[in-house]
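Student: For what it's worth, my numbering labels the leading residue of the sequence shown as 192, then goes sequentially.
It is worth saying that the hints were derived from the structure and are not from the lab. Please note that a few of the clues may not be correct.
[Stated by the list, open to error] Derived CB-CB ranges, DEER-like: (1) Ser-261 to Gly-393: 18 to 24 angstroms; (2) Gly-238 to Asp-357: 15 to 21 angstroms; (3) Pro-392 to Arg-292: 19 to 25 angstroms; (4) Gly-251 to Thr-330: 34 to 40 angstroms; (5) Asp-242 to Ala-422: 31 to 37 angstroms.
All C-beta atoms, glycine included, are put in the ideal place defined by N, C-alpha and C.
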Amino acid sequence: MAENRRSAEGGTTEKGTIAVREFSATPDRLPSCFHGVRGATAYRPSGSSGDDRLVTLGTGPRGVVFAPISWGDACEWAAEAKRLAAGGYHVVSLDWGADRRRTISDATRLLRSRGAKDVAWVGGCMGGTLMLGMLTDRTDRPAGVAGISPLASLGGYSAGNGTSYDGELLLLGTADDPLSDEKRLREVAHSFPAAEVTVLPGTRHAAEIFAGPHGTAARRSLDGFLDRTFAPADS
192 MAENRRSAEG
202 GTTEKGTIAV
212 REFSATPDRL
222 PSCFHGVRGA
232 TAYRPSGSSG
242 DDRLVTLGTG
252 PRGVVFAPIS
262 WGDACEWAAE
272 AKRLAAGGYH
282 VVSLDWGADR
292 RRTISDATRL
302 LRSRGAKDVA
312 WVGGCMGGTL
322 MLGMLTDRTD
332 RPAGVAGISP
342 LASLGGYSAG
352 NGTSYDGELL
362 LLGTADDPLS
372 DEKRLREVAH
382 SFPAAEVTVL
392 PGTRHAAEIF
402 AGPHGTAARR
412 SLDGFLDRTF
422 APADS
């Protein structure tokens, strides 16, 4: 993990150097889906176009970044973000900026600047696709990645390109999802042979799975993934 982490509000880093203000709190931009949630705060990365919005919930060393589908926003994963924050996780749910990979990286840095020791990524559809693709960058990998209905056709994965990653991996989807059915999900799994693959009945996609008839099973799978991801840090 990076040692010279920047503070969300500016200040002194772990090595004693003075940090620049990298993120600005923007309370007026908190989405309505997070109104009334204690401690929920909206941030904007410095120098962003204004589209980027990172919503933090919870506190503690176990960080989770939620990324939505291509046209989604921070509210897409609101229910799961609230649930995990209530369970002791430190969570960011995001709106996409112009550079989506940078948005994921910004969310990760924000969590670390707020005290998260390790960070897991959870992304639906395009969010999961990007997160899995970012594992080729070895400079700042997460502790685990859960791709929920990732897209085999857009991932740019090659056979075995996940073999160098030793973090936890979960691929979850539904059997008859028009965009990411079981066949496509297992195509993605070929590039990530260590991944746990969970296929649930139905056609629901990405975060919709958690609100559907098999939501309990989806949450059980996600919770198991997070337990495994953070087990070394908790032990």
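Student: Run every hint past the structure and note whether it holds.
Tutor: Hint-by-hint comparison with the structure:
| no. | hint | verdict |
| --- | --- | --- |
| 1 | Ser-261 to Gly-393: 18 to 24 angstroms | holds (21 angstroms) |
| 2 | Gly-238 to Asp-357: 15 to 21 angstroms | violated (33 angstroms) |
| 3 | Pro-392 to Arg-292: 19 to 25 angstroms | violated (33 angstroms) |
| 4 | Gly-251 to Thr-330: 34 to 40 angstroms | violated (25 angstroms) |
| 5 | Asp-242 to Ala-422: 31 to 37 angstroms | holds (36 angstroms) |
Against the hints set out earlier in the document, violations occur for numbers 2, 3 and 4.
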